[in-house]
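Chains A and B, in that order, are what the protein sequence lines are. To convert, note that position 113 of the first sequence is 124 in the numbering used here; the numbers rise steadily by one, no gaps. To convert, note that position 83 of the second sequence is 100 in the numbering used here; the numbers rise steadily by one, no gaps.
Think of the hints as simulated: they come from the structure by calculation, not from any bench. It should be emphasised that the depicted structure is a prediction, and the values quoted were computed from it without experimental measurement. Just so it is clear, CB atoms sit at the ideal spot from N, CA and C, and this is done for glycine as well. Any given hint could turn out to be false.
[Unchecked claim] Simulated crosslink set (SDA-like; lysine to any residue; CA at most 25 Å straight-line):
(1) B:LYS216 <-> B:ALA233
(2) B:LYS52 <-> A:ARG313
(3) B:LYS216 <-> B:THR257
(4) B:LYS52 <-> A:ARG96
(5) B:LYS216 <-> B:ASP122
(6) B:LYS216 <-> B:LYS52
(7) B:LYS52 <-> A:ASP52
(8) B:LYS52 <-> A:PRO103
(9) B:LYS52 <-> A:ILE101
(10) B:LYS52 <-> B:SER38
[As the list claims (entries may be wrong)] Here chain B is said to cover these stretches of chain A; the calculated rule only asks that three of the stretch's residues, wherever they fall, bring their Cβ under 8 Å from a Cβ of chain B:
(11) 83-96
(12) 190-196
[Unchecked claim] Just a sample of chain B residues kept apart from chain A, beta carbon distances all over 12 Å, derived:
(13) ALA66
(14) SER93
(15) ARG107
(16) PRO114
(17) SER118
(18) TRP121
(19) THR125
(20) ARG126
(21) VAL130
(22) MET133
(23) GLN169
(24) ASP231
Below, each chain spelled out in residue letters.
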Amino acid sequence: MSGAEFVPLSLPPLLIGIFAAIACALPGNFLVLRRQALIGDAISHVVLPGIVVAFLVTGIVATWPMMLGAAGAAVIAVVLIELIRRLGRIEPGAAMGVVFTSMFAAGVLLLEQSDTSTVHLDVEHALYGNLESLIWLDATGWASLVDAEALRNLPAELPRMAITLVVVAIFIAVFWRPLKLSTFDEGFARTLGIRTDLLGLALVITAAVAAVAAFDAVGSIIVIAMFICPPAAARLMTNRLEHQIAWSVLFATASAVIGYVLAGYGPLWLGGQDAVSAAGMIATVSGLILALAALFGPCRTRNGAPQQG
Amino acid sequence: MSIELIASQGTVATPDRPTDSPLAIRGLTVSYGQKPAVFSVDMTVQPGAMTAIIGPNGAGKSTLLKAALGIVRPLSGQVQVFGAPLARQRARIAYVPQRASIDWDFPTRVIDVVLMGLYRQLGLLRRIRGVHRDRALTCLDRVGMRDFADRQIGQLSGGQQQRVFLARALAQDADLYLLDEPFAGVDAATEKAIIGVLKSLRAEGKTVVVVHHDLATVRDYFDNVFLINTSKVAEGPVSTAFTSETLQATYGGRLATVQVDQLAATALA
Chain A
12 MSGAEFVPLS
22 LPPLLIGIFA
32 AIACALPGNF
42 LVLRRQALIG
52 DAISHVVLPG
62 IVVAFLVTGI
72 VATWPMMLGA
82 AGAAVIAVVL
92 IELIRRLGRI
102 EPGAAMGVVF
112 TSMFAAGVLL
122 LEQSDTSTVH
132 LDVEHALYGN
142 LESLIWLDAT
152 GWASLVDAEA
162 LRNLPAELPR
172 MAITLVVVAI
182 FIAVFWRPLK
192 LSTFDEGFAR
202 TLGIRTDLLG
212 LALVITAAVA
222 AVAAFDAVGS
232 IIVIAMFICP
242 PAAARLMTNR
252 LEHQIAWSVL
262 FATASAVIGY
272 VLAGYGPLWL
282 GGQDAVSAAG
292 MIATVSGLIL
302 ALAALFGPCR
312 TRNGAPQQG
Chain B
18 MSIELIASQG
28 TVATPDRPTD
38 SPLAIRGLTV
48 SYGQKPAVFS
58 VDMTVQPGAM
68 TAIIGPNGAG
78 KSTLLKAALG
88 IVRPLSGQVQ
98 VFGAPLARQR
108 ARIAYVPQRA
118 SIDWDFPTRV
128 IDVVLMGLYR
138 QLGLLRRIRG
148 VHRDRALTCL
158 DRVGMRDFAD
168 RQIGQLSGGQ
178 QQRVFLARAL
188 AQDADLYLLD
198 EPFAGVDAAT
208 EKAIIGVLKS
218 LRAEGKTVVV
228 VHHDLATVRD
238 YFDNVFLINT
248 SKVAEGPVST
258 AFTSETLQAT
268 YGGRLATVQV
278 DQLAATALA
C-alpha cells in the first residue's frame, strides 16, 4: 500500500486503535490483579445516562459535553460502587452489578423520555465506535506528517487519545510502587502510610478516563476487551509485574494492528465482499491471544485466590 | 493531582523518654458490624521484650494489631508509638501480615518483596540501586532464603513465604516489630529460624509483638503475654499473667480443663 493511500485512510485509525488499546490495558493490569476487571464493563454501561444528560443540558450533539457527561457518570458510578461495597459489606462484583445495571436502565429511560429521537445516539455506535471513519482527508502521503497545515485537520480523536495515553502512563509510572504494593499487600501498604483507599479510587478513575476517551473513538467493545485480555494474557507469560506490563502493551498493540488489518482485508482474503468492524475484530484478536496464552503461556500455574483474612 | 497518596517522608524523630512504651493503647474499640471485635482495650508493651498476644479464634488478636497499625479504623481509642502518634512513627514500625491474607499468585519475585520493605525510604521515584539490593539480600540471608531471591513467591512453601515476609520486615530496620501469626502453618525448621531471628532482634534492644496461637510454646518463646477475648483478660510477664486462671478466663469452656492444667503446669514449672 502506498503512503498516499495508507497515511490518510489507515494510519489515523490504526494509531487511535493502538493508543486506545494501550491506554486501557495499562490500568487493566492492576484491575485484573485486584480482581476488579469487570469495572471496564461497568463503566461502559454507566456512561449512557451521562451522555444523555449532557445532551439534555446542552441540546447539541458535541464531543466535549458528552465526554464530560460520560466522565461524570463514570466517577459517580465508581463512588457509588465503593459506597455500596463498604456500607453493604458485600463483594465488589455485586456492588458493580447493582450500580451499572441501574445506571444503564436510568440512561435508557432518560433517552426514551427525552426528545432525542431526532438525534443519532444509537447502540451500534456505542458498541463498535467508528474507527474506520476516522480518516485524515488532508493527508496526501508520508510528507503530510510534517505538514502543519495538514496536521491541523487530523481527526480530533487522535490527539485526544494520545493525550489520554500519556496521562494514564504518567499516573502508572509515578504511583508505580504504591500501586504495586497496595495491590499485593494492602495491609502492609497502609502501615507505610499509603492511602490505599484514595489510591484505589484514583486507579479506577484513571481507568474511567481511559475508557471514556476510548469509547468516543472506538466504542465500548474494545474498552471491555482491552481492560482484561492483554493484561490477563501478559500475566500468563511472566512472573514479574514489570514484565507483565511490557507484555500487555505488546499484546494490546498486536491486537490493534492485527485486528485492524484482518477486519479490512480478512473477508477479501476469504473471498468475501465487505470489510468487518475493526473494533469487533480487534477485540476478537485480543481474545484469541488470551486463549493462546492460556494454552501455551509459560506461567500458567496458580495457587488460587487467597482466603479472606 | 493534589491527592496526597503517601504520607510525608522524613519525619522528625522524637527523642524517647524512658517512660514511653513502644506501643501504648488506650480504650481501643473496633467493630466490623454490630458486635465489637475488640472492646475497650488498654495495652502497654514493654520495650526490648517479646510479647505474645494470645486468645481464642475470633477473639480480636489480629484486629487489635491491625488497629494499632492503622490498617483498620477503630471506633474509639488512642494508639501511641514510642510516645508519639502513630502517623509520626511509621518509620519505626515493621509489620508481618498473616500469610493467608496475601495473594501469592501476584507476579513478583522474592527479592522484590523484600525491597518493598525499603519503599518508605525510596519514596515514589528514587531508583533501586545496588546498595538497596545488597541490603535486601542480607535480610534474606538472615532468614536463610538468599538462594531463593529470584524465585516467584508462589513457588515457595508456606514456611519459606513466611521467612520472606520476615526478611521484608528486617529490611524496614524498625524499632518495633509486629507479627501476625508468623508460626501458623509453617514447618519446624522455619519456626526455629523465625524464633532465632526474633530473639536476635530482642538482643539488639528491639521490641517484638507476636499474635500467637500455640499455647505450648509461649513459655519458651516469650517474656510477656497479653490475653484477649474481645476485652483484655490479662497482661504481664509470662510467670504471673500466663496462669491456669487467666487461660480459663480467656478461653472459657473452649479449652479443656485438663489442657489448661497442663499448660499452667508448664507455665509454672
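Status of each hint after checking the structure:
no., hint, result
1, B:LYS216 <-> B:ALA233, "holds, 18 Å"
2, B:LYS52 <-> A:ARG313, "violated, 36 Å"
3, B:LYS216 <-> B:THR257, "holds, 21 Å"
4, B:LYS52 <-> A:ARG96, "holds, 19 Å"
5, B:LYS216 <-> B:ASP122, "violated, 31 Å"
6, B:LYS216 <-> B:LYS52, "violated, 37 Å"
7, B:LYS52 <-> A:ASP52, "violated, 36 Å"
8, B:LYS52 <-> A:PRO103, "holds, 23 Å"
9, B:LYS52 <-> A:ILE101, "holds, 18 Å"
10, B:LYS52 <-> B:SER38, "violated, 29 Å"
11, 83-96, "violated (count 0)"
12, 190-196, "holds (count 5)"
13, ALA66, "holds, 21 Å"
14, SER93, "holds, 19 Å"
15, ARG107, "violated, 5 Å"
16, PRO114, "violated, 5 Å"
17, SER118, "violated, 4 Å"
18, TRP121, "violated, 5 Å"
19, THR125, "violated, 6 Å"
20, ARG126, "violated, 6 Å"
21, VAL130, "violated, 8 Å"
22, MET133, "violated, 6 Å"
23, GLN169, "violated, 4 Å"
24, ASP231, "holds, 18 Å"
Going through the hint list in order, the structure does not satisfy hints 2, 5, 6, 7, 10, 11, 15, 16, 17, 18, 19, 20, 21, 22 and 23.
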